[in-house]
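S.K.: For chain A, the structure is supplied; the task is to place chains B, C and D with the ligands on it using the hints.
If you read the protein sequences in the order shown, they are chains A, B, C and D. Okay, so the first sequence: first residue is 1 according to the numbering used here, each after it adds one. Okay, so the second sequence: first residue is 362 according to the numbering used here, each after it adds one. Okay, so the third sequence: first residue is 723 according to the numbering used here, each after it adds one. Okay, so the fourth sequence: first residue is 1047 according to the numbering used here, each after it adds one.
Honestly, I wouldn't trust all of these hints.
Unchecked claim - Simulated pairs of lysine-lysine, BS3-like, Cα-Cα distance not exceeding 27 Å:
hint : chain 1 : residue 1 : chain 2 : residue 2
1    : A       : K354      : D       : K1079
2    : D       : K1079     : A       : K286
3    : C       : K846      : B       : K715
4    : C       : K755      : B       : K715
5    : B       : K490      : C       : K846
Claimed, not checked - Simulated restraints on C-beta separations:
hint : chain 1 : residue 1 : chain 2 : residue 2 : range
6    : A       : A213      : D       : P1096     : 34 to 42 Å
7    : B       : S568      : A       : T6        : 24 to 32 Å
8    : A       : E336      : D       : D1329     : 54 to 62 Å
9    : B       : G417      : C       : G765      : 41 to 49 Å
10   : C       : G796      : A       : D26       : 28 to 36 Å
11   : C       : E947      : D       : L1332     : 32 to 40 Å
12   : D       : R1351     : A       : E47       : 28 to 36 Å
13   : A       : L33       : D       : R1351     : 46 to 54 Å
14   : B       : S568      : C       : K769      : 18 to 26 Å
15   : A       : S207      : C       : G796      : 50 to 58 Å
Read the hints as simulated data drawn from the structure, not as lab findings. Here the structure is a predicted model, which is why all the values come from computation and not from measurement. C-beta atoms are modelled at their ideal positions from N, C-alpha and C, and glycine is treated no differently.
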Amino acid sequence: MFQPFTEEPIRLIDEKGNWIGDFELDLSEDALLTLYRNMVAGRLLDERYIVLLRTGKTSFVAPAAGHEAAQVGMAAAIRPGFDWVFPYYRDKTLLLSLGYPAEQLFAQMAGTVLDPNKGRQMPEHPGHKDLNVFTVASPIASHVVPAVGAALSMKFQGTGQVVLTTFGDGATSEGDWHAGLNFAGVQGAPIVFAAENNRYAISVDFSKQSASARIADKAHAYGMPGYVVDGMDVLASYYVMREAVSRAREGLGPALVELLVYRYGPHSSADDDSVYRPKEEVEAWKKKDPITRFERFLEKRKLWTPEFGEQVRDEERKKLEAAEEKALSAQAVPPEWMFDDVYAERPWHLEEQKRILLEEL
Amino acid sequence: MFQPFTEEPIRLIDEKGNWIGDFELDLSEDALLTLYRNMVAGRLLDERYIVLLRTGKTSFVAPAAGHEAAQVGMAAAIRPGFDWVFPYYRDKTLLLSLGYPAEQLFAQMAGTVLDPNKGRQMPEHPGHKDLNVFTVASPIASHVVPAVGAALSMKFQGTGQVVLTTFGDGATSEGDWHAGLNFAGVQGAPIVFAAENNRYAISVDFSKQSASARIADKAHAYGMPGYVVDGMDVLASYYVMREAVSRAREGLGPALVELLVYRYGPHSSADDDSVYRPKEEVEAWKKKDPITRFERFLEKRKLWTPEFGEQVRDEERKKLEAAEEKALSAQAVPPEWMFDDVYAERPWHLEEQKRILLEEL
Amino acid sequence: MATMTIVQAVKRALDEEMARDERVVVLGEDVGKRGGVFLATEGLYQKYGPDRVIDTPLSEAAIIGAAVGMAVHGLRPVAEIQFADYVFPGFDQLVSQAAKIRYRSGGQFQAPMVVRMPSGGGVKGGHHHSQSPETHFAHTAGLKVVVPSTPYDALGLLKTAIRDDDPVVFMEPKRLYRSIKEEVPDEEYTLPFGEAAIRRAGSDLTMITYGGPTVESLKAAEELEKVGVQAEVIDLRTLVPWDKETVLNSVAKTGRALVIAEAPRMASFASEVAATIAEELLDQLLAPPIRVTGFDTPYPYIPDRLYMPTVTRILNAAKKALEY
Amino acid sequence: MATMTIVQAVKRALDEEMARDERVVVLGEDVGKRGGVFLATEGLYQKYGPDRVIDTPLSEAAIIGAAVGMAVHGLRPVAEIQFADYVFPGFDQLVSQAAKIRYRSGGQFQAPMVVRMPSGGGVKGGHHHSQSPETHFAHTAGLKVVVPSTPYDALGLLKTAIRDDDPVVFMEPKRLYRSIKEEVPDEEYTLPFGEAAIRRAGSDLTMITYGGPTVESLKAAEELEKVGVQAEVIDLRTLVPWDKETVLNSVAKTGRALVIAEAPRMASFASEVAATIAEELLDQLLAPPIRVTGFDTPYPYIPDRLYMPTVTRILNAAKKALEY
Ligand SMILES: Cc1ncc(C[n+]2csc(CCOP(=O)(O)OP(=O)(O)O)c2C)c(N)n1
Ligand SMILES: Cc1ncc(C[n+]2csc(CCOP(=O)(O)OP(=O)(O)O)c2C)c(N)n1
Ligand SMILES: [Mg+2]
Ligand SMILES: [Mg+2]
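This is chain A alone, in the form it adopts within the complex (with noise of 0.2 Å):
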C-alpha cells in the first residue's frame, strides 16, 4: 500500500540501483528483464523516428526519450487487449509495450496503407482497436474525458476492465481535463489518470502552468488519491500503477498518478529546447537515465552484464529494422481514402465531392 499525497515521490531503486522498497520484490527475472527490453526497445524506437525524419520518410517526431520507465512501468500494470489505453502522442514505448505491432507504428509514421488508421493524422497518432488503444488525437487533454466515458461503461456493464488514460503536465491546465477528473471521481469510475510530468509544455515550465506544489495535489480536488512518483524508476512507476490499476478494478474508484520525468530532447522535431532550458539541466537528467538506472539494479542481482544489454540491443534494433522496411515499403494511402470513415456510409454530398477529387487526379 502506497501512500498518497507524499512529500517525496515514491522510489523504489534508488539512483545506484539499489531496491530500497519496504516490501519483497514479487517480479519474476524473466519479468524484470522484459521492463528492460521494453525500454530499450522504446529507445531504440525514438531513435529510429528521428532517423526517419532526417531521411524525409516522416514529417513530425515528438521525442520520448527519458520518459520509458514510466511508460514501460505502465504497460506492465494493466492487461493489454482487456483494459484500455487512452494515451498521447508523445507514448511510443507505451504502446511497443503493449504489443502494438512495431510495423504498424512506423506505418502511422509514414502514412503508408499499413496504418490500421488509414494515415489519416500526422505521425505521432496511432491507435488500435484490437489492443483498445483509442486513436491518438492532438488536441490536449481531449481524450481525458472519453477515457472517463468508457470507463464508465466498463461499471455499469460490470466487465472487470479499467482505462488507463495517460498526458504531460501541461493537459492538466484545460478544463476537460478537470471535466474528466471530477466526473470519474463522482462516479468511482475504474479508470488510472496518469500524467508524465516531464516539467515543460513545450517551453512553459511547470511553474507557469500550476500553482501547486504537485500534479498528485490536484487530486484532492476530485475525492481520489494522488500519488506521486519517480517516474525514471521503473519498478516505482510498475508497482504504484499496478496498485491503482487494481484499486480501480476492485471497485475502489480512480487515482491520478504523477510520474516525473524528464524529456531529453526537444518537444518535438519543430521545436529548439535552447531558448526555454538551459543544456546543463538536460545533461543533469541524463545522468538518472532510466534505462541506466534499471542496467545497475539489474547487475547488482546479476542480471545484466553490458554484453548482455548490447545483446539486447541488438535483437530490438534488428526487429525495429524489419519492421519499418515493412511499414515503409508497404503503398502510400491512396488520396481517395480521404472519403471514406467521415460516415458509417457515404452520404450524397461526399459522393459529389468525391467525384471532384477523381475529376483532377
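M.R.: Frame of chain A; chains B, C and D with the ligands shown alone:
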C-alpha cells in the same frame, strides 16, 4: 487570521446569536445595522420579484432567499465602485448591497429602458459599468475566466483593485472554472473566488457534483488557500471575505471561499424542487435563517427589537416599491434597439437587417 | 393512435429504445430524478436506474466527452445538453472527438451517440436560452444533424438517431415542445435521415425550412393561398445529410425559393441551401433565392419573437420573389 | 521599404502597437521566451517583460477568457491560439463572452481584443493543425473576422485589429507565413476593415477568395490568361464585415463567380458569398456562382494539399462557369 481547509466551517455567531469569534469584533454599530438592513432589503427584493412574476411583469426569477448573509457579507468586504465584481444570476442581495440602484434592478427584470443593459437579457441578468459589476451571463462559470483576466489587468497595472467573483456549487464542475482558478493561482492574481454552495445545482445534489468533501478543498489544486465558511452567518461571511480580499489586495494572491448556504425557494420560477429534495430538509434550513440569526445577535447587543425589525422592513419595502414603480412605468425597450451594440459601429449587414425589421413594424 | 406533443414523443422514443436495447443510456444535467428541465426524460430514472439515466456534474464537456467514450466502448449514449446555447463548453468534444474518431482511426472506432438539445427562440430566454447553433454542427464533417418539427417526426427520427452508427446532433425546437399535438401510431416506427417532408404542396413558390419556423412558414403559406398563391413548404428534418433532391425538384417546378431559418444569417445553413439552389438551378429560377433568417445579432430578450422569421417577414420576402 | 514575410509582419505589428500603447499585451501558450511556435512573438518577451508578454497555462479558455477580462478592464490584449484547431476548448469564451459582452451590457462594457491564430492547411499537419474554422466565427454575431494573405495586409490589418474596439479574430494562413515575401513601407500604416483587395483585374470571371487559396486563385488566373480568359481575383481580407460592394460590382461586370476557400463547404462562409451573389445579382449572372472549397471531411494527413482547392480544381470550376 482564519485557517484554510478546516474540517468545520468557520462560524462567528452561533445559532443562538452569540459571538463565538476568538478576536474582538471591530465593526461599528452602524456597520452592523447596515449588514442587517441589507439582508432585509435583499429578502424583500426577492419577494417582490416573485410578485412581479405572478403579475406577469417579469418572466423569470431565481430565488435567493437563504443566500443573504453570504452576499451581504461579501459586499461589505470590498470597495464598491472601485473593486470589480463578476457575479452570477442569484446575486441580487449582493448587488443591492453594493449600491446597485433598485430601480435599475427592477428595470432589468422587466426590460424597460431604465435598465442600463437595455433589456438585452432575460431577468436576473443585471450589470453596471459605474459599479464595476460585470453584466451577468447565463453560461455557468463562463464569467470566472474574464474575472481572472480583469484581476490580471489590475495586477499588471498596479491599480490596487481586487476582483470578487461568485458562483454556485455546480459551477465548480465546468472546465472554465478550473481554467480560471488555475491561471489565477499561477499569476497570483488579486481575486477572490466565492462559492455560494447551496448544495444543489438545480436538482443535482453536491454528492453528484463533486467527490471532494468541500469545494474549499479544490483550492489545493491551484496553490491557494480554501476557506469554508458558514454562509448563514453574516459576520463569518464578512470577516473571512475581508481577510481574503486584503490578502489579494496586498499581493498575496487569490483565495477560494466556500460559503455554505441554502436556497429556500426552487432553483427558479421554472423549477419544481419537490421532486428532488424533501420538504423537511428545506424546513430544517429555514430554522437556520441568516436574518433571524443576526437579529438574535443584534438583540443581545441591544441593537434590535421586533419593532425595530418591523421599521427596517417597512422602510426598505417603501424604497423598493418606489423603485419598482419607477422602473415599471418606464417605457419598454423598443424593438429596433436590437441592432445596437452588436459592434461599436453598425456594419452594412446589420443596417440591411434593421431595414428588414423596420419594414415589418 | 395516441395524441402527443414533441416532448412526449422524445420521451417515448427514449423509453422505447432503452427498453429495446440495454446499451442505450441517457446522461446529462438534471436528467435523473428531475426528469430534465423540460421533462423529456421524466420517469426514466425511476424505470431504468442511475446507471442508465445518469445525472452528470455541470459540465457539457463531461457530458459529450463521456458519451464519446461510452459509445466507443459499446454503449449507445443519448446525451442531453440542457439548452443548445450551452453546447459550447463541450464543443471541442463534439468537433475534435465525436466527429473525428471514426475518421482519424481509419474506421477502427466509432461513436454511435446522440446529443439532444432544446434549441431556438420564442420562450423569452434571451441570448442564452434561444440560440439555434445548427450551423456549427452542419459545418463539422462527421456529425449528422437532425431538427424535427412535429411529434411524429421527433419520435421516428430520434429512434433512428439512437440506432445510427454516427454521432447525431438532435435539435428540438423548444418553442414547439408543447404547442403542437399530433396523433402518432402506437406501433413502433423509425424515419430515415436525409428525407425532407413536403408539408404543403404548391406550384408558385417553395419555402424550404426546418424546426421552429416550419410553423410560421405554413401560416405564411395559408396567407398566400388567400391571395391565390400556392406555396410548397418543405421541412428538411435532417440538415446533414439534407434532401437536396426534394428541394431542387420543388424549386425547379416553382422557380422561386425562400429559405427560412431562425439562426443568424451570416454563413448559415440557410446560406448553404440558397447557394446550392443557385449553383444547380440557375436557369430555372424566376426569382433569386431569398433567405429569411434570424438577424446577425445575439438573440435579444427584447424583442423576443421579432428576432425570428415572422409570418410578416416571410410574406414580405414572398412578395419580393413573386414580384421579381 | 523592408522586405518581409507574413510572420515578420505580424511580429512588427505587435511590436509597434506595444510600443505605441502600453495597454497592449500579448498572451498565449509559448509566446514568451519561446516567442511562439511560429516565432510571431519572438523578442517581445525580452523587450516588454512577463507582464506584457504572458505565457499562459495550457488552456485556450484561460487565454480567451482572460483576454476578455483584461479588455473589459481597459487593456488591449492580443491572444494567440497556437493553432486555429485549438480554439474550440476556448470557443465558449469567444461566443458567450467576447462576442456578447457589449451587447448584453447594453454597450456598457466592451472587449477590444484580438485573437490571433495560424490557420489552414498545407503543412502536413493532419486534422488538428490544418483546419480553417472561420465560418464558426463569422456565424457568431459580435465578432469581426480578418484573414490577411500578404505581409502588407497582415501588418496593416493587425494594427487595425488591435486598435478596434470590438473582438477581432485574426486568422493567419500558416502555409503562407514564410512563403511570401513582400516590400512593406517603413512608415506606420493601418488598413481598414471591410475593404477587399482586387489582386488582379479581369473582365470574364470573378474569383472571390481569402487567405491561403489567394495564391492558388492567382495561379489559376495566370493559367486562364494563357487561354485568353481574364479573371478578376478579389481577396476579401475581412470576412466580417465583408466587402459586398466590391464583390457585386465585379460579378455584375464579369457575370461569373467562383468562391474559393479552403474550409469545408457545408454551411460555410463561401456559401454565404455565393448565396448573396445569387440573391442580389441573379439577372446579371451568365453562370451559377460555383464554390471551390475544402471537402466535407476532417482534414486528412494524406493527402494534404489535395484537400484544399488546387489550381486544377479551380480551373475545372472556371471551365464549368465559362462553358455554362
Ligand atoms: C488544445 C491544444 N492546445 C494546444 C496544443 C499545442 N500543443 C501541443 S503539445 C503542447 C504541450 C503539451 O505539454 P504537456 O501536456 O506537458 O505534454 P508533453 O509534450 O510535455 O509530453 C501544446 C501546447 C494542442 N495540441 N492542443
Ligand atoms: C454552461 C451551462 N450549462 C447549463 C446551464 C443551465 N443551468 C442554469 S443554472 C444551473 C445550475 C447551477 O447550479 P449552481 O452552480 O449550484 O448555482 P445555484 O443555481 O445553485 O445557485 C444549470 C445547470 C447553464 N446556465 N450554463
Ligand atoms: Mg510536459
Ligand atoms: Mg447550487
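S.K.: Against this structure, judge whether each hint is valid.
M.R.: Status of the hints after comparison with the structure:
1. Restraint check: the Cα-Cα separation between K354 (chain A) and K1079 (chain D) comes to about 45 Å, which exceeds 27 Å; the hinted pair is violated.
2. Using a Cα cut-off of 27 Å, the hinted pair K1079 (chain D) and K286 (chain A) holds, with the two alpha carbons roughly 23 Å apart.
3. Between K846 (chain C) and K715 (chain B) the alpha-carbon distance is near 21 Å, which keeps this suggested pair within the 27 Å criterion.
4. Annotation: proposed proximity of K755 (chain C) to K715 (chain B) is violated, straight-line Cα distance about 45 Å (limit 27 Å).
5. At most 27 Å may separate the alpha-carbon atoms for a hinted pair to count; K490 (chain B) and K846 (chain C) meet this at roughly 25 Å.
6. The beta-carbon spacing between A213 (chain A) and P1096 (chain D), approximately 21 Å, falls outside the hinted interval of 34 to 42 Å.
7. Under the hint 24 to 32 Å, the C-beta atoms of S568 (chain B) and T6 (chain A), about 28 Å apart, fit the expected range.
8. Against the hinted window of 54 to 62 Å, the Cβ-Cβ separation of E336 (chain A) and D1329 (chain D) comes to about 39 Å, which falls outside the hint.
9. Checked against the hint of 41 to 49 Å, the C-beta distance between G417 (chain B) and G765 (chain C) comes to roughly 31 Å, which is inconsistent with it.
10. Taking the beta carbon of each, G796 (chain C) and D26 (chain A) are about 34 Å apart, inside 28 to 36 Å as hinted.
11. A beta carbon spacing of about 36 Å between E947 (chain C) and L1332 (chain D) agrees with the range 32 to 40 Å that was offered as a hint.
12. Separation of R1351 (chain D) from E47 (chain A) is about 30 Å and conforms to the stated range, judged on CB atoms against 28 to 36 Å.
13. For L33 (chain A) and R1351 (chain D), the hinted distance range of 46 to 54 Å is satisfied, since their beta carbons lie about 47 Å from each other.
14. Our hint of 18 to 26 Å for S568 (chain B) and K769 (chain C) holds, since their Cβ atoms are close to 22 Å apart.
15. One distance hint, 50 to 58 Å for the beta-carbon pair S207 (chain A) and G796 (chain C), is violated here, with the actual separation near 42 Å.
In terms of the numbered hints stated before, the structure departs from hints 1, 4, 6, 8, 9 and 15, listed from lowest to highest.
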